[in-house]
Amino acid sequence: MQAKTRIATVSLSGCFGCHMSLLDIDDRILKLAELVEFDRSPINDFKDFQSRCAVGIVEGGCCNEDNVEVLESFRKNCDVLISVGECAITGGINSMRNNIPLKECLDEAYLKSPGVYNPLNKIPNDPEIPLLLNRVYPCHEVVKIDYFIPGCPPQADALWDVLVALLSGKAPVIAYKNHKYD
Amino acid sequence: MKQGTAHITANICNKFGNDRTRLMDIAIAVQERFGCVSHEAMEEIARAVGTQRVEVESLVTFYSFLSVKPQGKVVIRLCSDIVDWMKGYSEVAEAMARELGITMGETTPDGAITLTDTPCIGMSDQAPAALVNSVVVTHLTPERGRQLVRDLRRHLDPQQLVTMVGNGNNEHPLVRSMVRNNIRMRGPVHFAPFEPGKALLKAFELAPSDVISEIKESKLRGRGGAGFPTALKWELAANTPGEKRYVICNADEGEPGTFKDRVLLTECAEQLLEGMTIAGYAVGSDTGIIYLRAEYRYLMPYLQSKIEGRLKQGFLGRGILGKKGFNFDIRIQLGAGAYICGEETALISSCEGLRGDPKNRPPFPPQEGYLKRPTIVNNVETLCCVSRILLEGAKWFASIGSANTTGTKVLSISGDCRKPGVYEVPFGITTRELIELSEAENVGSLLIGGPCRQMIGQVRLDGQICYDDLATGGAIIIFNGARNKLEIAEHYLDFFIDESCGHCTPCRVGLTLLKNLVHKVISGTGEPADLDRMRDLSNFIINMSRCGLGQAAPNPVLGALEIFGDASGGFVAERKPGLLPEFDLSKAVIDAELRVGRQSKYV
Ligand SMILES: Cc1cc2nc3c(=O)[nH]c(=O)nc-3n(C[C@H](O)[C@H](O)[C@H](O)COP(=O)(O)O)c2cc1C
Ligand code: SF4
Ligand code: SF4
Ligand code: FES
Numbered sequence: 001m002q003a004k005t006r007i008a009t010v011s012l013s014g015c016f017g018c019h020m021s022l023l024d025i026d027d028r029i030l031k032l033a034e035l036v037e038f039d040r041s042p043i044n045d046f047k048d049f050q051s052r053c054a055v056g057i058v059e060g061g062c063c064n065e066d067n068v069e070v071l072e073s074f075r076k077n078c079d080v081l082i083s084v085g086e087c088a089i090t091g092g093i094n095s096m097r098n099n100i101p102l103k104e105c106l107d108e109a110y111l112k113s114p115g116v117y118n119p120l121n122k123i124p125n126d127p128e129i130p131l132l133l134n135r136v137y138p139c140h141e142v143v144k145i146d147y148f149i150p151g152c153p154p155q156a157d158a159l160w161d162v163l164v165a166l167l168s169g170k171a172p173v174i175a176y177k178n179h180k181y182d
Numbered sequence: 001m002k003q004g005t006a007h008i009t010a011n012i013c014n015k016f017g018n019d020r021t022r023l024m025d026i027a028i029a030v031q032e033r034f035g036c037v038s039h040e041a042m043e044e045i046a047r048a049v050g051t052q053r054v055e056v057e058s059l060v061t062f063y064s065f066l067s068v069k070p071q072g073k074v075v076i077r078l079c080s081d082i083v084d085w086m087k088g089y090s091e092v093a094e095a096m097a098r099e100l101g102i103t104m105g106e107t108t109p110d111g112a113i114t115l116t117d118t119p120c121i122g123m124s125d126q127a128p129a130a131l132v133n134s135v136v137v138t139h140l141t142p143e144r145g146r147q148l149v150r151d152l153r154r155h156l157d158p159q160q161l162v163t164m165v166g167n168g169n170n171e172h173p174l175v176r177s178m179v180r181n182n183i184r185m186r187g188p189v190h191f192a193p194f195e196p197g198k199a200l201l202k203a204f205e206l207a208p209s210d211v212i213s214e215i216k217e218s219k220l221r222g223r224g225g226a227g228f229p230t231a232l233k234w235e236l237a238a239n240t241p242g243e244k245r246y247v248i249c250n251a252d253e254g255e256p257g258t259f260k261d262r263v264l265l266t267e268c269a270e271q272l273l274e275g276m277t278i279a280g281y282a283v284g285s286d287t288g289i290i291y292l293r294a295e296y297r298y299l300m301p302y303l304q305s306k307i308e309g310r311l312k313q314g315f316l317g318r319g320i321l322g323k324k325g326f327n328f329d330i331r332i333q334l335g336a337g338a339y340i341c342g343e344e345t346a347l348i349s350s351c352e353g354l355r356g357d358p359k360n361r362p363p364f365p366p367q368e369g370y371l372k373r374p375t376i377v378n379n380v381e382t383l384c385c386v387s388r389i390l391l392e393g394a395k396w397f398a399s400i401g402s403a404n405t406t407g408t409k410v411l412s413i414s415g416d417c418r419k420p421g422v423y424e425v426p427f428g429i430t431t432r433e434l435i436e437l438s439e440a441e442n443v444g445s446l447l448i449g450g451p452c453r454q455m456i457g458q459v460r461l462d463g464q465i466c467y468d469d470l471a472t473g474g475a476i477i478i479f480n481g482a483r484n485k486l487e488i489a490e491h492y493l494d495f496f497i498d499e500s501c502g503h504c505t506p507c508r509v510g511l512t513l514l515k516n517l518v519h520k521v522i523s524g525t526g527e528p529a530d531l532d533r534m535r536d537l538s539n540f541i542i543n544m545s546r547c548g549l550g551q552a553a554p555n556p557v558l559g560a561l562e563i564f565g566d567a568s569g570g571f572v573a574e575r576k577p578g579l580l581p582e583f584d585l586s587k588a589v590i591d592a593e594l595r596v597g598r599q600s601k602y603v
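Residue numbers (the working numbering), protein chains in the order written: chain A, 1 to 182; chain B, 1 to 603.
None of these hints come from the bench; they were simulated from the model. A couple of the hints might just be wrong.
To be verified - Simulated restraints, written as ranges between beta carbons of each label pair:
1) Arg-154/B to Glu-108/A: 45 to 53 Å
2) Ser-523/B to Glu-108/A: 34 to 42 Å
3) Gly-481/B to Tyr-147/A: 39 to 47 Å
4) Pro-101/A to Arg-432/B: 54 to 62 Å
5) Glu-104/A to Asp-110/B: 28 to 36 Å
Said to hold, decoys possible - Over 12 Å on every C-beta distance to chain A, these chain B residues come out as not near it, computed from the model:
6) Gly-101
7) Lys-312
8) Thr-430
9) Asp-498
10) Cys-504
11) Leu-531
Unchecked claim - The calculated lysine to any residue pairs, modelled on SDA-like cross-linking and capped at a C-alpha distance of 25 Å, are:
12) Lys-601/B to Asp-48/A
13) Lys-601/B to Phe-49/A
14) Lys-170/A to Asp-530/B
15) Lys-69/B to Ala-6/B
16) Lys-76/A to Leu-579/B
17) Lys-76/A to Phe-583/B
18) Lys-144/A to Leu-531/B
19) Lys-76/A to Asp-530/B
20) Lys-76/A to Gly-578/B
21) Lys-112/A to Gly-597/B
For each residue, glycine too, the CB sits at the ideal point set by N, CA and C.
Next comes chain A alone, as it looks inside the complex:
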């Protein structure tokens, strides 16, 4: 039997809505399982790459140093990288902080907001908590991205059509009705 195409997915700074939309392809998920083997992905909870992948699907932008590290490993381990959804493409909701200096954001969140209990008056410094970037970066400003699927989240049909096209070696096209929102 021919080896199945390997796919990896990740949610960087996103809300998992894009992954939910991927599940929204309904029973086509069975067909997808026939076509591909999931590698690193929240769908199977693999935390590391098992082997090189043909396609990497990225949800969410880069808010912190870990996001950058993960995105870099996606770029190195996937032939084709797709930015999926508003957060990956523009930074999304998270990037609303981009006009406020990071120091002000941190101080507001951990020191000044009403209801904050922080007797040491320090910004949390646990190595488990990744350092935030000075601003939120869309993925294509950090690594090279090959395709973009817009939407918040993109419609299941858009995700499906692009994946099927790529898997069958065709140029992906998103039908107008699948990215028209009003």
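Here the structure of chain A is known, so what remains is to put chain B with the ligands in place on it, guided by the hints.
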């Protein structure tokens, strides 16, 4: 004090009849009086002319010569455009900033002097140049820049900086400017002797519609760049019913590297005013407006005196030269530093006292223009041609130039050449001939300016200046082989990004994206796919923008890529997969490292 501001502002509004459509003049007068148009002043203006404060604010914040925050008593605007940049802008800017103890864009702590930069002020043949309030200083060097600052500190009087006046009418007591005309080639249309009134009498021998026929026969096309047949425009306006029509002369000359209208305004004012009057007669208009760019304000008193002179001689006013029922008067509308106002519909917006936003077309201005009335907008040079055509005849005019492009063109040549200046040449002349005339050596590329601006290289040196080949509004900038063409393109993009009115996303956002791509390639981190992306994005911006600015802004980029041809592959390389070279993690985490107190484990 507050009372004073309101009172004086109210008086200024009153002087302009509290007329909402004269908001430009009001704002300019207030700016001049107080060094800014403050929030109090805006409130007062809005009250006086019967509009909302935000309407006034939207105008004030649009134009670069108006400001909400106070500026120095003296504002030095150093031209930072492409030619000045080649002629030593950076050194002059640094010397002046250092002498003043401030950086570009700042005002000295005592509120005396502001130093800022500005796009082309129409002095590219005598660059580096600057405006000091409305006084022009040319041929700057770091030493002269320092001296200028020292002198200003002493007397704060820009006019005293003019120790040597230029030639021609620059010596006129109402001009007294150090600007030089640099007319290197005098042609028969603009620089032959002109006797005021004669062309007008010739026009009066004809019926208005026959004047238009004469212009049609001459095949005159607009000299502002787009080359629209002048007679067609006039016919449309004349045939559109309306109780009032307008003739507007476009003297905004904002295209970087263009300065020929400045010379025509200085030396051919009578010919221009007469051309406007003839246009008024032909289309049935009694009002002309000259839209004069703020940078040429130093010519305003002189032009105003010419208008008054013509009124006295009976060439303007009521019943001109005894012609019953034909009245025509001209006013000057000053601009306030916005390149987009050269675009005719934006220019009309500005004359109406609005932000300089282009309007949707159709309706075209001859159908519905200034104050919604039929309006013709013509370039300074076009209107000067009109006078000469009436004098010498359409056949004479059509016998000059090339088959489809008749007459002469006044070119502004600058850049890497020994003889920058103004050349009146017959249409059809080749770029090779221009290079010889201007004594340029080792030419790498040329920028043929105007609303269809393009960059050309060696292969097109036999191209002809005419509407079928290399069309131009008049700017020819020459670059020697050592200049980086992509850097030139990037410089232009910076200019268009600043000057975009912001209405269309492809123009407002697309140009910045394009600039980022160009910059990436220049800085050596580009990939082959970036070149295609540059082409795609350029075409997208060209096709999706509303006005000529967005429709032409990417042309220098496309031109540079075309000149490079296959060689452009040399600037880019495939990268190893990983972080993009332009993304620097250590810079991106430094703020957090400082605030949190530990180092990133990835850096
Ligand atoms: C962005 C832009 C800037 C322009 N600037 C000028 C200008 O400074 N002077 C000018 O005469 N025409 C300029 N034009 C062209 C005018 O829109 C208009 O075509 C011209 O004034 C018509 O006069 P003409 O037919 O006599 O050339 C500009 C056009 C665009 C799109
Ligand atoms: S794009 Fe929308 S759905 Fe997707 S991660 Fe961002 S917020 Fe969630
Ligand atoms: S193309 Fe640019 S300058 Fe022209 S209307 Fe659109 S945004 Fe304004
Ligand atoms: S005056 Fe500086 S480029 Fe024209």
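*Taking C-beta pairs only, is Thr-430/B more than 12 Å away from all of chain A?*
holds, 44 Å
_Distance restraint between Lys-601/B and Phe-49/A, which requires alpha-carbon spacing of 25 Å or less_ = Answer holds: Lys-601/B to Phe-49/A is near 21 Å, not above 25 Å.
*Would the least Cβ to Cβ distance between Cys-504/B and chain A come out above 12 Å?*
holds, 19 Å
*With 12 Å as the threshold, tell me whether Lys-312/B passes as away from chain A on beta-carbon distances.*
holds, 59 Å
_Beyond 12 Å from every chain A Cβ - status for Gly-101/B_ = holds, 28 Å
_Just to be careful, I want the Cα atoms of Lys-112/A and Gly-597/B compared with a cutoff of 25 Å; is the pair within it?_
holds, 19 Å
*When you check the alpha-carbon spacing of Lys-69/B and Ala-6/B, does it fall within 25 Å?*
This hinted pair holds, its Cα atoms lying about 17 Å apart.
*CA of Lys-601/B to CA of Asp-48/A, is that 25 Å or under?*
Holds: Lys-601/B and Asp-48/A sit about 19 Å apart, inside 25 Å.
*Regarding the assertion that Asp-498/B does not contact chain A, is the least Cβ-Cβ distance greater than 12 Å?*
Asp-498/B clear of chain A: closest Cβ-Cβ about 21 Å, beyond 12 Å.
*Per the hint of 39 to 47 Å, is the separation of the Cβ atoms of Gly-481/B and Tyr-147/A within bounds?*
holds, 40 Å
*Is the hinted pair Lys-76/A and Asp-530/B satisfied, with a Cα-Cα distance of at most 25 Å?*
holds, 20 Å
*Decide if the proposed pair is consistent with the structure: Lys-144/A and Leu-531/B, CA atoms, cutoff 25 Å inclusive.*
Holds, at roughly 15 Å.
Against the hints set out earlier in the document, no violation occurs for any number.
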